[in-house]
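Novice: Chains G, Z and R: place on chain F using the hints.
Protein chains in written order, with the UniProt record's numbering: chain F, 1 to 280; chain G, 1 to 280; chain Z, 1 to 280; chain R, 1 to 280.
No lab work stands behind these hints, which were simulated from the structure alone. These numbers come from a predicted model, not from an experiment. No incorrect hints appear here.
With a straight-line Cα cutoff of 35 angstroms, these simulated DSBU-like cross-link-like pairs (lysine-lysine) come out: (1) K24/F <-> K47/F; (2) K48/F <-> K247/F; (3) K47/G <-> K24/F; (4) K47/Z <-> K116/R; (5) K48/G <-> K24/F.
There are 4 protein chains.
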Amino acid sequence: MANFGGHAIPGSFFLLFGFWLTLKCTLQHVWRTSQPKGRHNLPPFFKKMEYVEGGLQIFASFVGIMVEQFVVDGPHARLYDKENNSWVKLMNWQHGTMYLFFGISGIARIASAAFKVLPAGVDRLTISVALFVEGFLFYYHVHGRAPLDAHIHSLLLVAVFGGSASSMLEVFIRDNIILELLTACFFILQGSWFYQIGFVLYPLSGPKWDLNQHDNMMFVTMCFCWHIAVAMLLVTCTVSVVWFTVKRFSASRGDIEIGMQTTPSKSSSHRALLEESDDE
Amino acid sequence: MANFGGHAIPGSFFLLFGFWLTLKCTLQHVWRTSQPKGRHNLPPFFKKMEYVEGGLQIFASFVGIMVEQFVVDGPHARLYDKENNSWVKLMNWQHGTMYLFFGISGIARIASAAFKVLPAGVDRLTISVALFVEGFLFYYHVHGRAPLDAHIHSLLLVAVFGGSASSMLEVFIRDNIILELLTACFFILQGSWFYQIGFVLYPLSGPKWDLNQHDNMMFVTMCFCWHIAVAMLLVTCTVSVVWFTVKRFSASRGDIEIGMQTTPSKSSSHRALLEESDDE
Amino acid sequence: MANFGGHAIPGSFFLLFGFWLTLKCTLQHVWRTSQPKGRHNLPPFFKKMEYVEGGLQIFASFVGIMVEQFVVDGPHARLYDKENNSWVKLMNWQHGTMYLFFGISGIARIASAAFKVLPAGVDRLTISVALFVEGFLFYYHVHGRAPLDAHIHSLLLVAVFGGSASSMLEVFIRDNIILELLTACFFILQGSWFYQIGFVLYPLSGPKWDLNQHDNMMFVTMCFCWHIAVAMLLVTCTVSVVWFTVKRFSASRGDIEIGMQTTPSKSSSHRALLEESDDE
Amino acid sequence: MANFGGHAIPGSFFLLFGFWLTLKCTLQHVWRTSQPKGRHNLPPFFKKMEYVEGGLQIFASFVGIMVEQFVVDGPHARLYDKENNSWVKLMNWQHGTMYLFFGISGIARIASAAFKVLPAGVDRLTISVALFVEGFLFYYHVHGRAPLDAHIHSLLLVAVFGGSASSMLEVFIRDNIILELLTACFFILQGSWFYQIGFVLYPLSGPKWDLNQHDNMMFVTMCFCWHIAVAMLLVTCTVSVVWFTVKRFSASRGDIEIGMQTTPSKSSSHRALLEESDDE
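Chain F with its partners taken away, still in its complex shape:
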C-alpha cells in the first residue's frame, strides 16, 4: 500500500460511503418529517437499500482481504515463517484485519434489516467498532516514522475516532439527522484526507516533500482544517440537492409518500414496538 494508489483506493471508498450515508439519511429524514405524528415505519425501499449496502460492504471487504493476501508480494495466507523465525508481511495482515471489521459491519447491517428481533442500533455499533479498530491499528502503525509522515497519519485519526464516537452516539440517540450527517461528514473527511496523504507522501509530480521540515507540518495541520470545511460543504450541497430533487419529484408525482410506501407489514410495527422498549 506504500504508493499513491494504495491511499487513493480506500480514500475513494470512504468518500463514496460518506456520500451514500448523506443521501440515505437525508431521504430517511425527509420521509420521517413528511409523515403524520407518531412512530413511523420506514418503507421497504429503505430496507432494500440496506441489503444492497450491506452486500457491497461484505463484497468489498472480501475482495480487499483477498487482494492483500494474494497480491504478488503478499503473505499468501502465511502468518509466521518458521524458517526465518519472523512474521510474514504483517502490514498486509493488518489491512486485512481492518477490512474484516467493515465486512462484519456489513453482515450486521443485513442481519439488522432482515431480522426484526435484532435491537435497533446494532449496525451503528459495528460501524463504530470497525472505525475504532481502524484507528487503533493506525495508532500503533504510525510509531517511529518521519515527523511529517507520523503527523499526517495522526491527523487521520481525528477523522477516524471522530467517526467512531459519532457512530457510537447514534446507537443511543436514534434518528437524529445532525448526528447522522456528522458521521457522514467524518467519512468524507477521512476519504479526502486519504487522498491528501497520497499526494503528500507519494507526489504524482514535482519534488518530494521534506518530511522533517516544520513548515510542512504547519501547512498540513491547516490543510486538515480546509478538508473539514470542504467536507462540511460537500455534505451541505448533497443534502440540498437531494432535498430539492425530492421536493420537485414529490410535487410532480403528487405525493412522495405514495411513491415510496407500499404496505406497512404487521411485522414492522412489531419492530417499532421493540425499538421503543430498547430506547427506554
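Specialist: Only chains G, Z and R this time, still in chain F's reference frame:
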C-alpha cells in the same frame, strides 16, 4: 499578530460575543418561562437578532481574512513561494482559516433562522466546529516556544475546547439555560484571557516577563482561575441586569409577551413539529 | 500548609462535607419516594438546610482565605514584591484561590434556595467548577517534586476530577440518588486521602518514607483503592443508619411526611414548572 | 501469578462471567419484549439468579484473597516487614485488592436483589468500580517492564476500562440490550486476552517470544483486534442459541411467560415505581 493589538482585537470580539450570547439566551429563557405550558415558538424579534448576529459574524470573518492576507507584511493570497521553496506566511493563513470557520458558523446561523426545514442545532454544531478548529490549530501552534509562552497559550485551550464541548452538548440538550450560559462564560473567559496573553507577552509598560521563570507560570495558572471567577461574575451580573430590566419593562408595559410577540406564523409551528421529531 | 495539620484540616472539611451530602441526599430521596406520584416539592426544612450549608461554606472559605493571607509567614495581601522582583508566597495565594471558588459555590447555593427563578443545577455547576479549579491548580502544583510526593498528589486528582465530573453530570441528570451518593463518595475519598498524604509526607511518628522507592509508590496506589472501598463502606453505612432512623421515627410519629412538610407554597410549584422547562 | 496458570484462572473466570452476562441479559430481554406494553416486573426466577451470581462472586473473591495471602510464597497477612524495612509481597496484596472489589460487587448484587428500596443500578456501579480499580492497579503495574510485556498488558486495559465505562453507562441507561451485550463482550474479550497474555509471556511449548522485537508488538496489536472479532462472534452465537432455545421451548410449552412467571408480588411493583422516580 505578534503584538498587543493582535491579541486585544480577538479578545474584544470574544468578550462582546460572550456578552451577546448571555443577553440573547437570558431573553429567550425569560420568554420561554413566561409562556403557558407546551412548545413555545420564539417571537420574530429573536429571528431578526439571529440575522443580525449571523451577518456580523460573516462580515467580521471576511474583514479578518482580508486583513490577514493583504496587510503590509501579509502573504497577499500567495500560499507557496516556488522560488525559495517555502510556504508564505503560514501564520496569517492559519489565522485566516480560523476566521473562515467563524464565518461558516455565521452562514449556518442565518440559514438556520431563514429555512425552517433545517434541523435545530446546526448553528450550535458549526460554532462547536469553529472552536474545535481554533483549538486544534492553537494546539500545534504552541509547539517549541518558551515555557511561559507555551503555558499561557495552552491555558487558552481550556477555554476554547471547553466552549467547543459545551456548544456540542447544546446540539443534543436544547433550551437548557445553564448550558447556554456556560458556553457564553467560556467565550468571555477566552476573550479576557486573550487580553491577559497580550499583557504578559507584550507588556504595554514596565519590564518584560521572564518567560522561563517557574513562579511566573504558577502565577499565570492561578490568574487563569481568577479569570474564570470574573467570567462567572460578569455572566451573573449581565443576567441579573437583563432580568430586572425585562421585569420592570414588562411591569410598566403591562405584559412582556405582548410587547415581543407579533403573530405566530403557521410555518413556525411546523418548525416546532420538526424539532420534536429531531429531539427523539 | 507543608505539615500534617495543613493536610488534616482540608481533609476534615471534605470528610464532613461528604457525610453531610450523604445525609442530605438520603433524606431527600426518602422524601421523594414516600410522596405520591408526580412532581414533588421539597419541604421548607430542606431549604433551611441549604441556607445553613451555603452560609457555612462562605464562612469557611472566608476564614480560609484570611488565614492563608494573614498567617505569620503569609503574603499579607501583597502579591508582587517590586523590590526583589518576585511573587510573594504564591502557594498561599493558590490555596486562597481554591477557597474562593468554594465560597462562590456557597453563594450560589444560597441564591439557588432563595430565588426561585434561578435554574435548578446552578449549585451543582459551581461545586463542579470549584472542584475543577482545585484539581487544575493541583495538577500544575505537583510539577517537579519527588516521585512519591508527585504520585500521591496525582492520585488525589482522581478523587477531585471524579467529583467534578460527577457534580457536572448532576446538572443534567437531576434527582438521581446514585449520582448524588457518588459525588458524596468522591468528597469522602478526597478527605480521607488528604489525611493519608499527611501521614505519608509528614509522619507523626516513626521513620520518614523514602520518596524515591518504587515499592512505596506501589503501596500508595493500592492504598488509594482501599480508601475507595472505605469511602463506599462509609457512604453505605451512613445511608443505612439514616434510612433506619427515618423509618423508626416515621413509624413512631405516624407519618414522616407530616413531620417534615408544612405548607407547599405557591411559589415552589412555580419553581417546579421552571425546572420542567429547563429539563427538556 | 507469574506463570501460565496465573493468567488462565482469571481468564477463565472472566470468560465464564461474560457468557453468563450474555445469557442473563438475553433472557431478560426476551422476557421484556414478550410482555405487554408498560413497566414489566421481572419474574422471581431472575432474582434467584442474582442471588446465585452474587454468592458465587463473593465466594470466588474470598477464595482468591485467601489463596493470594496463604499460598506458600505469599505474604501470610503480613503487609510490612519491620526487620528489613520493606513491604511484603505487594503483588499478592494488589491482586487481593482487585478480588476485594469484585466481592463488594457481589454483595451489592445480592443486596440489590434482596432489598427493594435500593436504587436500581447499584450493582452496575459496583461492577464498574471493580473494573476501574482493576485497570487502575494494572496501569501502574505495567511500569518499567519489557516493551512487549508492557504493551500486551496495556492492551488489556482497553478491555478493562471499556467494560468499566460500559457498566457505568448502564447505571444511567437502563434495560438497553446493546449496552448489556457490549459489557458482556468486554468481559469475554478480557478473559480471552488473559489467556493470550499467558500464551505469549509463558509459552507452554516452543521458543520464548522476543520481548523487544517490534514485529511481535505489531502482531500482538493485530491479535487484539482478532480477539475483539471473536468476542463479538461468541456473544452473537450465545444470543442466537439462547433465543432459538427459548423460542422452541416456549412453542412446545405453550407460553414462555407462564413457564417463568409465578406471582408478581406487590413489593416488586413498588420497586418499579422507585425505578421510575430514579430514571427521571
